[in-house]
Structure formats: C-alpha cells, structure tokens
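Participant: The lines below spell out each chain.
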Amino acid sequence: MSVPVVNYLVLSAVLFAVGTLGVLSRRNALILFMSIELMLNAVNLAFIAFARQWGDMAGQVIVFFVLVVAAAEVVVGLAIIINIFRTRETVDVDDVDRLRG
Amino acid sequence: MEARDFLALTPLLIVTGTALFVLVLDLFLREERRGWLSGLSLLGVVAAFLANLSLPTFREPLVQGMIRFDALTQFLNAVFLLGCGLAVMLSADYARRQGMARGEYYCLVLLSTLGAMLMGASADLLMLFLGLETLSIPLYVLATFTRRNPASQEAGLKYFLLGAFSSALFLYGIALLYGATGTTKLDGVLQGLSSAMGTAPGLVLGGLGLLLVGLAFKAAAVPFHTWAPDVYEGAPTSVTAFMAVAAKAGAFAAFLRVLAISTPALAEGWALVVGWLAVLTMALGNVVAVVQLNLKRLLAYSSIAHAGYLLIAVAVGQTGALSEPASAGLLFYLLVYTLMTLGAFGVVIVAEGRGENLSLEDMKGLAWRYPWVGLAMALFMVSLAGLPPTAGFFAKFYVFRAAVEAGSWGVLLAIVGVIASVISVFYYLRVVYYLYLRPAPAPVAAAATEGEGEEEPGRPVYLSRLAAWGLGIAAVSVLFLGVYPTAALRWLVEIAAAAMSALP
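Those sequence lines, one after another, are chains A and B. Residue numbers for the first sequence follow this note's numbering, beginning at 1 and rising by one. Residue numbers for the second sequence follow this note's numbering, beginning at 1 and rising by one.
If we strip away everything but chain A, and leave its shape as in the complex, we get (with noise of 0.2 angstroms):
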C-alpha cells in the first residue's frame, strides 16, 4: 500500500503555492518569512519524492543542504526582524517605507 509519488509532488506543489501566496499577500514580516520557510519545505518534499522515484541518493542527500541553508538563513532574517522591531516597535512591512521604490 505505497502512496504514488506523484501525489507528494502535488503536495509539494500546493505547499509552495501557499507559500508564494502568502509572501505575495501577507504583510507582517515574520509571516512572510515563515511563508518563505514553508517554500523551502515544500522543495524540499520535492527533491525526497523526486530522489525515490529516480532511486537516486543524491535527492536526500540535497535536503540536508537545504535545511543547513535555511537555518542560516533564520539566523539572519530573525536578527533583522528584531533589529528593526526594536527601533519602530512594528514588523509590518508597510509601515517600513522610508525608501520608496
């Protein structure tokens, strides 16, 4: 009774699209980020879905990879969030608009 490996494509695929969705429409800097975590995520199923279907190692072997990258990058999203936090007591990215594009 195994689950077709296309259905965690799908998956993967939906969690991504929710993923850019929400940083497209979200506005609070931290739910971005955790949108952004949330595509990684989903690559991540991809890549493991993708490596049991070829039978190829190297797939898995790409998520350790990624989660190293992605924990990194908290470090230093978490750290910019907080520092801005601190000076204007709000994470709301359109209330952080002194430069305007």
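Please note that a few of the clues may not be correct.
Said to hold, decoys possible - Now the stretches of chain A that chain B is said to cover, found in silico as 3 or more residues with beta-carbon under 8 angstroms: (1) 39 to 46; (2) 59 to 66; (3) 82 to 91.
Claimed, not checked - Among the chain A residues that face chain B by a calculated CB cut under 10 angstroms, a handful are: (4) Ser12; (5) Val14; (6) Leu32; (7) Trp54; (8) Asp56; (9) Val96.
Calculated from the structure, these hints are not laboratory results. Yeah, the Cβ is synthetic: ideal placement off N, Cα and C, and Gly gets one too.
Keeping the supplied structure of chain A fixed, place chain B upon it in accordance with the hints.
Facilitator: Frame of chain A, contents of chain B only:
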C-alpha cells in the same frame, strides 16, 4: 579528494581562510590597530588572485563533479577578486568614518566573494544554489550593517525578504530539473534534457523558468528589480558598491553556467524570454534613471540598466551551446562593469562624510576643488554611458555586435540597446555637467555682493591613500581597456571557446 581537487580549491580556501582569520584577529586588536584588518583582507585577496591565475586548469569537473576549474572559472574568479579587492580599498576609510570597520565587515565581504566564486565555478546545480546563498546571506547582513540607521535597517529587511523568496524559487527550479532528468550535475542535465522534453516538458520548462526568475532577481532585471533602488539607497555606500558588483557578476556567472545546459530545442524560446527581459530592463532602468536626483539611486537604476545590456548577451548567447562572441562579450562587459561601477560608487564613497545621502547638487563644482577625483568620476560616467575612448564603449560594442550576428531578433535587441544607451548619455553626462560646468560655490567676495555673509565652503572629499589607489586602478583600467581592448578580448574568446569545448 585528490591532489588536484585541492589545487582547484586553493583560491577558494585562501579567501575562506582570510575571512576567518580577519574575524578572529579583530578580537585581539586594539582600536587604533583596526586598520590592519583592511590591509590583511587585501593581502588575502591578492594572494587568492595570484594563486588563481597561476594554477593549471582542468577540463573535467573536480571534487566529485561539483566544481569546474577551467579557463572560464579562472577569469570569473579574477573578476570577483578584483571587485572584492577594489571594494575593500575604497571602503576601508569609509568604514572607519562610519564606525563599521570591524572584523565582521571584512569577513562578510570576503565570504560573499567566496559565494560568487563558487557560483562561477559550479558544475552542479546544488553547488550553484550553495554559491548563491553564500553570496547572498552575507550581503543581507552587510546591507543592514549600520544597524541603528533606519534606512539601513529597511534596506536589510527588503533585501532579505526578496532575496530569500527568490532563492526559494531558484531552488524549486532545481528540484524540477532534478525531477525531469534524475541528476543535478550540469552535464547530466544537459544530456537528459532532450529526452526529458519529450516525457515531461512541464518539469523542464517550469524548472528552467524558475531558475531564470531566481537569477533575474539577483541580477535586478525588470520586472524583478523592485528591491534594488531601495536597497542600494539604504545600505551603507561601501556595501552598495560591493553589492552592485558582486551580486550582479555572480548572477551572470550563473547565467553562463546555466546557459550551457539548455538544448537547441529550447534555444529559441530562451532567446525570446531573456530578450524581453533585456528590453524591459534597459527601458525601465534608463528611463527612470533620468529623473533621479539622488546619486545612489541614480547609480542603482544605472546598474539595473546595465543588467539589461548584459542580458542581451545572455539572450543571443544561446544557439545550442555557448556561442563564443556573445559569451566573450558578456565576460568583457562583466569585467568593465565591475571596474566602472566600483569606480563611480568609489567617488560617492569618498565624497560622503558621515552617511548622508548625496544628491546631484552635492556634486556641484567638485571637479574644480578636487580635479583628479572629478576627472575620475567624469571618466567613469563617460564609460557607463558607453562613449569612446573608454572601456564602456567597447563593452557595449562587442555585446551589440554579437547580437547583430545572431539574427533578426538579435538585431532588434541591439537597436533597443543603442536607443537605451542614447537615453543613458543624458543622465550620465548630467553628473559630469554638475561636476564641471556649474561654478564652485561662490567665493567670499561674490557671496558678499549677494548679501549672504557666509557661503558654505564646498563639501570636502575624504580621500585616503588606499581609496586613491583604488580609484586610480579602476580609472586607469577603464581607460586602458578602452584604448586597447583587443588583447583582453582575444583572451576572452579563447576562454569562451575552451569552455564550450569542455561540454559533452
């Protein structure tokens, strides 16, 4: 690991070692000895530069197929290290004035350079991603380095959120290509792509598309450029200078590596999509730059516009495999772009006292007070505009010529490029106009007749010896490559040919 793996890694190891050493050394240095840090970083960069150029090259991928050390890697490494070295030279005194001359600053600059070098050397999509992250994460920190300054905080946050978002897109692209071909090795992907196009075209197209979007974000190509002006303006100027060069050069190095994997079947679509990106980027970058009065923003839009010219080379460089003239043009453009952009930002760095944002008005009469700095700025502006006898002219000339040779779509791109360059002449020469044609702030006698007792003396320029050397090297190189470009170009064509022949 074999001996030759270590040989190929030597420049990378030197940069890493220097970065870590600088970080630790900072703890043991007294405040007044902090100057050593910049000197030491520079020493490491020079050592890596020399090691890089003296090492033999290898045709096949090394370190278990993760990186290549071929002529292309060698050239890209040289460009990155040149950019890093110049950035350190220009920023040493500025960092001291801003109170950010700590070990972390140099460590992060070096690590970011390491990331760019990894990208240029990568023979595997995973390596490309790791290089991209090693390049970007230090840049997020650097952008927010003056952490009490609200503008810098905001620059860091914006750069981080959009950068991490684009990295995720890039990574999903890699996952899809892995799913289509069963490997992440660039060679393997190239071989598997034609058959994968038959079985799973969605995965291939989606994967390549997401890779393209991820890299376009890093290169600040329209419509993925929105972060660039804000981040460039908010970040400390020395960081902006480094970021404008390192992130862009890294992205285009990755473009060159990824370019080599798409098959002839995809060439036409690739040329069309990237071509449109180039057109949009050139149009928006140049038109918006015209109305900018803030110097850093102007240079930010200028750097967006230059991404457009570089994208032309990427678009037409795809006729089955790397095409030599387009790739050689792209490499030459990258080298020249590094020199002239760092030079232009370098002048802004030395003209900036303590973190204020310079406008065009602040450049008024600068050339009369500091003739050499003014002359250098004028030279960089003329080069960015692409006028002879500077290197910028030949950089554009080679890219446009390669485009014209590539067929009717290429001709169209070249025409748009020329029109965009003509627009750009206006805003670049306006800077030169402010430098020279406006008289210096009125001398005391004239001011008295106008009834204003004290006219402020002109803005000072903080020209340390190291910064002067940096500006001098950039200016002389821009002039030399403009007067005598053939030698460099002949070398680059050989590199492009060698890189092409190394492909399966």
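Participant: All hints are to be evaluated individually against the structure, with a verdict given for each.
Facilitator: Comparing the hints with the structure gives:
Here the stretch 39 to 46 of chain A counts 5 residues with a CB under 8 angstroms from a CB of chain B, which clears the bar of 3, and the coverage holds. Check result for the stretch 59 to 66 of chain A against chain B: holds, 4 residues qualifying (beta carbon to beta carbon below 8 angstroms, three or more required). With a threshold of 8 angstroms between beta carbons, the proposed coverage of the stretch 82 to 91 of chain A by chain B holds, since 4 of its residues qualify and at least three are required. For Ser12(A), the suggested interface contact is upheld, since its CB lies about 8 angstroms from the closest CB of chain B, less than 10 angstroms.
Interface hint at Val14(A): violated, since its Cβ lies 13 angstroms from the closest Cβ of chain B, which is beyond the 10 angstroms cut-off. The restraint placing Leu32(A) at the interface with chain B holds, with a minimum CB-CB distance near 6 angstroms, inside the 10 angstroms limit. Satisfaction of the interface hint for Trp54(A) is found here, the shortest Cβ-Cβ separation to chain B being roughly 4 angstroms, below the 10 angstroms cut-off. At about 6 angstroms, the closest approach between the beta carbon of Asp56(A) and any beta carbon in chain B falls short of 10 angstroms, and the interface hint on this residue holds.
Checking Val96(A) against chain B by beta carbon gives a least distance of about 5 angstroms; that is within 10 angstroms, so the hint holds.
Hint 5 from the earlier list is the only one contradicted by this structure; the remaining hints agree with it.
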